[in-house]
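Chain residues, written in single-letter form:
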Amino acid sequence: AMAGRLEPHLEALRRELRAPDPAVLSVLLALLAVAVTLLIWRFVQGRRSSRKAVLLLGLCDAGKTLLFAQLLTGKYRDTQTSITDSSAVYRVSNNKSANVTLIDLPGHKSLRLQFLERFKAAARAIVFVVDSVAFQREVKDVAEFLYQVLVDSTVLKNAPALLIACNKQDVTMAKSAKLIQQQLEKELNTLRVTRSAAPTSLDGSATGGPAQLGKKGKDFDFSQLPMKVEFVECSARGSKGEEGDADFEGLEKWLARIA
Amino acid sequence: VGFQKILTLTYVDKLIDDVHKEFRDKYRNEFQQKGTLGLLNGTFDFKDDFMRLLRDAEESSKVRAPTVMKTFEQSLKSQKTVKCMIETRGEKPKEKVKNKKNKGSKKEGTEAVAAPGKASAGDKQPSAAGDREELTKDEILQKNREEFFKRHMKAGEKSSKSPKPEAQKEKGKKPRVWDLGNSNAKVLDYSNSATNGSAEACPVEEFDPDTALGDRNRERGRLYDLEYESDDEAEEEKVIQNPSKPSAKKGGLGGMFGMLKGLVGSKSLTREDMDPVLEKMKDHLIAKNVAAEIAVQLCESVAKKLEGKVMGTFTTVTSTVKQALQEALVQILQPQRRVDVLRDVMDAQRHRRPYVVTFCGVNGVGKSTNLAKISFWLIENGFSVLIAACDTFRAGAVEQLRTHTRRLNALHPPESHGGRTMVQLYEKGYGKDAAGIAMEAISYARNQGFDVVLVDTAGRMQDNAPLMTALAKLIAVNAPDLVLFVGEALVGNEAVDQLVKFNKALADHSMAQTPRLIDGIVLTKFDTIDDKVGAAISMTYITSKPIVFVGTGQTYCDLRSLNAKAVVAALMKA
Chain A
1 AMAGRLEPHL
11 EALRRELRAP
21 DPAVLSVLLA
31 LLAVAVTLLI
41 WRFVQGRRSS
51 RKAVLLLGLC
61 DAGKTLLFAQ
71 LLTGKYRDTQ
81 TSITDSSAVY
91 RVSNNKSANV
101 TLIDLPGHKS
111 LRLQFLERFK
121 AAARAIVFVV
131 DSVAFQREVK
141 DVAEFLYQVL
151 VDSTVLKNAP
161 ALLIACNKQD
171 VTMAKSAKLI
181 QQQLEKELNT
191 LRVTRSAAPT
201 SLDGSATGGP
211 AQLGKKGKDF
221 DFSQLPMKVE
231 FVECSARGSK
241 GEEGDADFEG
251 LEKWLARIA
Chain B
1 VGFQKILTLT
11 YVDKLIDDVH
21 KEFRDKYRNE
31 FQQKGTLGLL
41 NGTFDFKDDF
51 MRLLRDAEES
61 SKVRAPTVMK
71 TFEQSLKSQK
81 TVKCMIETRG
91 EKPKEKVKNK
101 KNKGSKKEGT
111 EAVAAPGKAS
121 AGDKQPSAAG
131 DREELTKDEI
141 LQKNREEFFK
151 RHMKAGEKSS
161 KSPKPEAQKE
171 KGKKPRVWDL
181 GNSNAKVLDY
191 SNSATNGSAE
201 ACPVEEFDPD
211 TALGDRNRER
221 GRLYDLEYES
231 DDEAEEEKVI
241 QNPSKPSAKK
251 GGLGGMFGML
261 KGLVGSKSLT
271 REDMDPVLEK
281 MKDHLIAKNV
291 AAEIAVQLCE
301 SVAKKLEGKV
311 MGTFTTVTST
321 VKQALQEALV
331 QILQPQRRVD
341 VLRDVMDAQR
351 HRRPYVVTFC
361 GVNGVGKSTN
371 LAKISFWLIE
381 NGFSVLIAAC
391 DTFRAGAVEQ
401 LRTHTRRLNA
411 LHPPESHGGR
421 TMVQLYEKGY
431 GKDAAGIAME
441 AISYARNQGF
451 DVVLVDTAGR
461 MQDNAPLMTA
471 LAKLIAVNAP
481 DLVLFVGEAL
491 VGNEAVDQLV
501 KFNKALADHS
511 MAQTPRLIDG
521 IVLTKFDTID
531 DKVGAAISMT
541 YITSKPIVFV
551 GTGQTYCDLR
561 SLNAKAVVAA
571 LMKA
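For the protein sequence lines, the chains are A and B, in the order given.
Per the UniProt record's numbering, the first sequence runs over residues 1 to 259.
Per the UniProt record's numbering, the second sequence runs over residues 1 to 574.
By construction, these hints were calculated from the structure, which means they are not laboratory data.
In this text the structure is predicted, and so the values were computed from the model without any measurement.
A virtual CB, placed ideally from N, CA and C, is assigned to each residue, including glycine.
Hints may contain errors.
[Unchecked claim] The list that follows gives simulated cross-link-like pairs (lysine to aspartate or glutamate, EDC-like), each with its CA atoms no further than 16 Å apart:
(1) K473/B with D433/B
(2) K573/B with D283/B
(3) K186/A with D347/B
(4) K218/A with E185/A
(5) K428/B with E399/B
(6) K14/B with E59/B
(7) K565/B with D531/B
(8) K186/A with D219/A
(9) K504/B with D519/B
(10) K565/B with E117/A
(11) K532/B with D283/B
(12) K504/B with D463/B
(13) K140/A with D344/B
(14) K140/A with D340/B
(15) K140/A with D347/B
(16) K186/A with E138/A
(17) K157/A with E117/A
(18) K565/B with E144/A
[Unchecked claim] Coverage of chain A stretches by chain B, computed from C-beta distances (three or more under 8 Å per stretch; other residues unrestricted):
(19) 28-36
(20) 101-115
[Said to hold, decoys possible] Pairwise CB distance ranges (calculated):
(21) K157/A with S301/B: 30 to 36 Å
(22) E58/B with T79/A: 28 to 34 Å
(23) S301/B with P8/A: 57 to 63 Å
Start from the sequences and build out the full structure, keeping to the hints where you can.
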């Protein structure tokens with residue numbers, strides 16, 4: 001259709017070029033410039049919206065910032081509670097030029113949703129860091145946050161790969177990944193019932209999204225989710241304390257696969 | 001810095017700013033070039049700098065020369081002529097009273113013109129008060145209020161009022177009479193507790209004539225007018241008019257060019273750019289029923305957050321500010337933890353104890369109605385409910401709850417729930433102590449195996465100290481799992497006052513280390529406001545607790561949960 005419409009214009013153009021009339025010519029040039037600009041604009045937008053980010057999510061004190069530092073520099077740093085996001089490009093080791101942008105988001109209750117909102121569209125993968133030592137105490141909060149992440153409409157649409165990293169395995173009392181998986185499945189099972197039974201939202205749309213997590217009749221299982229979910233054990237501090245290296249080969253391998 | 005209210009260090013703010021600036025300047029290169037990796041890899045040897053800044057800040061706060069005493073030459077006394085110091089019989093009290101008034105006035109800048117006017121007014125009042133021995137409390141309050149407003153009127157008004165001549169010259173010595181204090185000892189005598197402190201708060205027997213009648217001094221059969229102070233209103237109008245600054249408008253081609261220039265290219269936002277936009281947004285928010293001080297604070301914080309931010313191309317100041325304000329509003333409405341009542345009830349069920357919810361609020365907001373709605377919702381989800389009628393003051397409160405119970409049982413008969421009565425009412429009539437009834441209701445629920453106990457309390461004004469104490473006692477003694485404040489969406493600036501005073505009362509009268517405060521808000525009568533939804537913002541901003549339920553009508557199904565994005569969209573709509 002564009003070509004058809006252009007034909008008579010091309011004729012007029014050719015006629016004009018033979019007898020150049022400066023006014024019309026300048027107008028045409030201006031239009032051309034605008035068209036080119038729009039094309040470049042759309043191209044740039046497209047580039048920006050490609051998802052290249054790996055988000056580090058989790059509760060407060062789960063070990064996200066330390067993991068972030070260890071992945072990028074290989075050194076141990078003393079960390080404080082994050083109040084803003086940090087992002088850097090991570091080059092996957094012993095590989096070609098594959099790289100992802102690691103984004104470390106704060107886990108504090110009042111900030112986590114806000115930052116998730118900002119970065120969820122750009123997420124290619126999500127690493128959910130869980131404190132394996134304090135898990136028994138915090139299981140409800142962990143499940144609630146995980147539920148909020150999983151039920152989010154953008155996350156469901158993009159279905160980024162999800163890795164649940166059970167951190168702090170260097171401590172003896174840490175729970176194993178299998179136990180954490182079972183507990184989370186049980187808790188999410190209860191949560192989806194209570195959340196969907198909550199009173200409907202003000203303008204009629206259902207709370208927690210119309211998505212029902214997993215299949216209705218059966219108990220909740222991580223395999224029922226549209227995205228790939230894996231569990232891995234890791235330790236950001238490493239077994240030798242501050243001098244040694246971190247212990248997260250599973251995490252690195254998974255990142256290599258994602259990139 | 002965390003304990004700023006207890007240990008006021010005046011230099012803290014300045015110190016933080018200085019540290020911030022110094023750190024940023026020192027490591028500017030590292031930040032700009034290397035980004036996050038620079039942060040992680042770099043070593044920041046800032047300790048010495050920090051100690052130095054701290055020492056400077058401490059010293060600057062100590063350095064303040066002690067006020068030097070005025071020498072005799074400088075003082076006023078030496079400048080007065082001898083003639084005016086000679087005391088004649090008639091003039092003496094006037095001079096003395098005038099000086100005392102000058103010293104005693106706390107307002108800044110009371111001119112000499114104002115002083116004689118005030119002195120005359122002040123003089124008149126104590127003499128008037130001295131004549132009448134018996135003054136009722138209300139009249140004293142009224143009189144004090146008038147005096148207070150007269151004192152605080154602007155100087156301009158005072159100068160127009162010509163100083164009245166001293167008509168009354170006191171003969172002989174008169175006892176010192178303080179203006180704003182009570183002028184007779186009888187009122188200060190607290191030995192007989194029957195006269196002070198009316199018996200309104202805790203009715204001992206079933207019907208107490210005092211509480212029902214209230215003010216006994218009124219004429220029989222007469223309907224009094226509503227009293228209001230016109231001084232107050234006039235003053236408020238003046239205050240509002242003052243800050244309106246005319247905004248300079250540059251017309252013509254220059255303005256158009258400037259607008260285009262503002263659109264393209266990146267420039268950082270300054271306060272002056274944002275001020276007109278923020279002013280408009282603030283008025284818009286106030287028009288949407290957000291409390292005035294909340295709107296001001298919100299706009300302030302948005303301004304602070306956006307200051308210095310670099311705008312992208314094709315974004316105007318208005319759009320950036322609107323975007324930031326929208327984000328801030330959404331974040332306010334979605335505070336930290338979402339209260340999931342069903343989940344917590346399941347937990348309590350597992351531990352074999354009832355889940356106790358208490359409803360509190362001012363009069364007439366819809367506590368009993370929404371209690372019935374919530375119990376309907378709980379029954380639908382299969383939990384049995386015991387309603388504790390702890391409103392022992394309002395006539396018909398118990399009957400209202402009984403009617404609701406009957407209706408709910410008709411809707412959900414025991415046969416359809418395995419022979420269990422899903423709703424039951426626990427009441428002990430009128431006039432009894434609410435906290436005691438609540439405690440008995442909870443133990444009854446535990447014995448009978450009810451899942452949830454909903455405690456309905458009487459409505460009370462936040463200023464009513466004895467009633468607030470009673471409520472705080474109920475909550476402290478019974479330790480409910482959830483304390484819900486019921487507020488109506490029609491409320492305006494009052495919301496702030498209500499919530500602050502309720503929280504304060506609960507915190508003050510609790511003996512525990514961590515007092516139970518309001519855990520959640522129920523926003524009622526939401527169907528009466530169409531899009532003036534500002535009350536939601538005010539309430540969540542003050543308490544930072546979530547809105548758990550929204551009531552949108554009087555039938556049992558009119559219970560909703562809050563959708564933050566929809567509310568913010570309604571709020572920002574023009």
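Violated hints - listed by number, lowest first: Of the numbered hints, 18, 19 do not hold.
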